[in-house]
Amino acid sequence: MALTHRVTLLNGALFATMVAVLGAAGLVRSVDFRAEPGLSVVRGALAHAFENHYDETFPAKRMGVNLWAAVDYGLFREGLPGVIVGKDGWLYTDEEFKLDNDSATLVRRNLALIDWVKRELERQHVALVVAVVPAKARIYPEYLGSRQPPALRQMLYPQMISQLRASGVNTVDLREPLQDGKRRNATYLRTDTHWTPFGARLSAQAIAGQTGHVADASGNFHTIAGAPAMHRGDLFNFLPLDPWFGWMLPAPDVLTPVQTAADAKGNDLLGDTPRAQVALVGTSYSAEANWNFAGALEQALHTDVLNYARDGNGPFEPMLAYLHSADFRASPPRLVIWEVPERYMPLPQTALAAYHLPPDAWIPRVAASAATGGNPAREGGSTSHVQSNL
Numbered sequence: 001m002a003l004t005h006r007v008t009l010l011n012g013a014l015f016a017t018m019v020a021v022l023g024a025a026g027l028v029r030s031v032d033f034r035a036e037p038g039l040s041v042v043r044g045a046l047a048h049a050f051e052n053h054y055d056e057t058f059p060a061k062r063m064g065v066n067l068w069a070a071v072d073y074g075l076f077r078e079g080l081p082g083v084i085v086g087k088d089g090w091l092y093t094d095e096e097f098k099l100d101n102d103s104a105t106l107v108r109r110n111l112a113l114i115d116w117v118k119r120e121l122e123r124q125h126v127a128l129v130v131a132v133v134p135a136k137a138r139i140y141p142e143y144l145g146s147r148q149p150p151a152l153r154q155m156l157y158p159q160m161i162s163q164l165r166a167s168g169v170n171t172v173d174l175r176e177p178l179q180d181g182k183r184r185n186a187t188y189l190r191t192d193t194h195w196t197p198f199g200a201r202l203s204a205q206a207i208a209g210q211t212g213h214v215a216d217a218s219g220n221f222h223t224i225a226g227a228p229a230m231h232r233g234d235l236f237n238f239l240p241l242d243p244w245f246g247w248m249l250p251a252p253d254v255l256t257p258v259q260t261a262a263d264a265k266g267n268d269l270l271g272d273t274p275r276a277q278v279a280l281v282g283t284s285y286s287a288e289a290n291w292n293f294a295g296a297l298e299q300a301l302h303t304d305v306l307n308y309a310r311d312g313n314g315p316f317e318p319m320l321a322y323l324h325s326a327d328f329r330a331s332p333p334r335l336v337i338w339e340v341p342e343r344y345m346p347l348p349q350t351a352l353a354a355y356h357l358p359p360d361a362w363i364p365r366v367a368a369s370a371a372t373g374g375n376p377a378r379e380g381g382s383t384s385h386v387q388s389n390l
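Those letters in the sequence shown? Residues 1 to 390, per UniProt numbering, in order.
By construction, these hints were calculated from the structure, which means they are not laboratory data.
Since we're looking at a predicted model, the values are computed, not measured.
Glycine included, each C-beta is placed from N, C-alpha and C at the ideal position.
A few of these clues could be false.
Unchecked claim - As a list, the in silico EDC-like pairs of lysine to aspartate or glutamate whose alpha-carbon atoms are at most 16 Å apart:
#1 K87 x E142
#2 K87 x D253
#3 K182 x D216
To be verified - Restraint ranges, calculated between C-beta atoms of paired labels, are given here:
#4 G209 x M248: 42 to 52 Å
#5 V65 x H222: 41 to 51 Å
#6 D263 x A104: 41 to 51 Å
#7 H222 x D180: 21 to 31 Å
#8 R183 x P228: 34 to 44 Å
#9 K87 x P228: 16 to 26 Å
#10 A353 x K98: 34 to 44 Å
#11 D102 x H222: 41 to 51 Å
Put together the whole structure using the sequences plus the hints.
Next up, the structure:
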């Protein structure tokens, strides 16, 4: 009780101090206002000009945001909605912790959608491998502190792997390479949602070990490392401490950029190959050049990889967009690698309505089989094709 009272008094004192400081700053900023000749007081032009000047020069908005962010971060180790503050400068996206009453249902529906995509690709004689990206909190739980993911989240990854494989989906479990690899080097960035180039390379090698026979290629690629540079992680966006309290922020990550290219001599023999045999679809883990995931796949699979991943759209919308694309219709690849972060599975996929998916796309085949008396031929839409469904 006494601690709560002290915290309340401290918050009140900070608020009063902020009001006094910002009020004084506002008065100082107002002194240098100079109105242009001819502005009308009656029509409000003078007042409008003063308001614009005040908005441009008054530090209240930025300082106020910074101050309250500093209080939340400094005293309570919290940021804006979107980030979970861990220990030792580690930050996590809160998407790895979110649940609601429909989460279990959403997981089942999203798993069913992955299975539906596999069946649609099979009709085009295209192999699918799903690479499930573990949550950062799963690979680096030691820096979480007292905040832990809920039980459904903790069981999500093994559930995904088990159910997808039971449905016949070729699924790569990336937990082991990313957990074992962190003993040698960081596999996830400390202040960013994403994996490091090293983590991406380990994942690419694991995928190639399970699916390289599908690509059946022999191209040669090399990877060049650039100079290490400071990387401002995307999770800093939820800690608005700059410029007044930027010194409180965790140190930025140091990122060594890498880039993969084909060996000209080694790939001359492949000159009669009409196009890449592998397509990559996924999220920012695949789309952003910083991680070089597509390049790592090229080197591990010994073939070009066409990258259809998109940043900021989750894993499902880029896949449906690719299936609907002229590229896919004109020349389907032999193999599609679908990078799917586990954290999206309990979340609604509201952006997919435009693709007019058939009802059976969201129904697990076990449930559909029960509803049709166990007759696979009657499981809704089994004769549909990608082009007609989208």
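Now the hints, each set against the structure:
no. : hint                    : in the structure
1   : K87 x E142              : 8 Å, holds
2   : K87 x D253              : 15 Å, holds
3   : K182 x D216             : 30 Å, violated
4   : G209 x M248: 42 to 52 Å : 43 Å, holds
5   : V65 x H222: 41 to 51 Å  : 46 Å, holds
6   : D263 x A104: 41 to 51 Å : 49 Å, holds
7   : H222 x D180: 21 to 31 Å : 25 Å, holds
8   : R183 x P228: 34 to 44 Å : 21 Å, violated
9   : K87 x P228: 16 to 26 Å  : 24 Å, holds
10  : A353 x K98: 34 to 44 Å  : 21 Å, violated
11  : D102 x H222: 41 to 51 Å : 47 Å, holds
The structure is inconsistent with the numbered hints 3, 8 and 10, although it conforms to all the rest.
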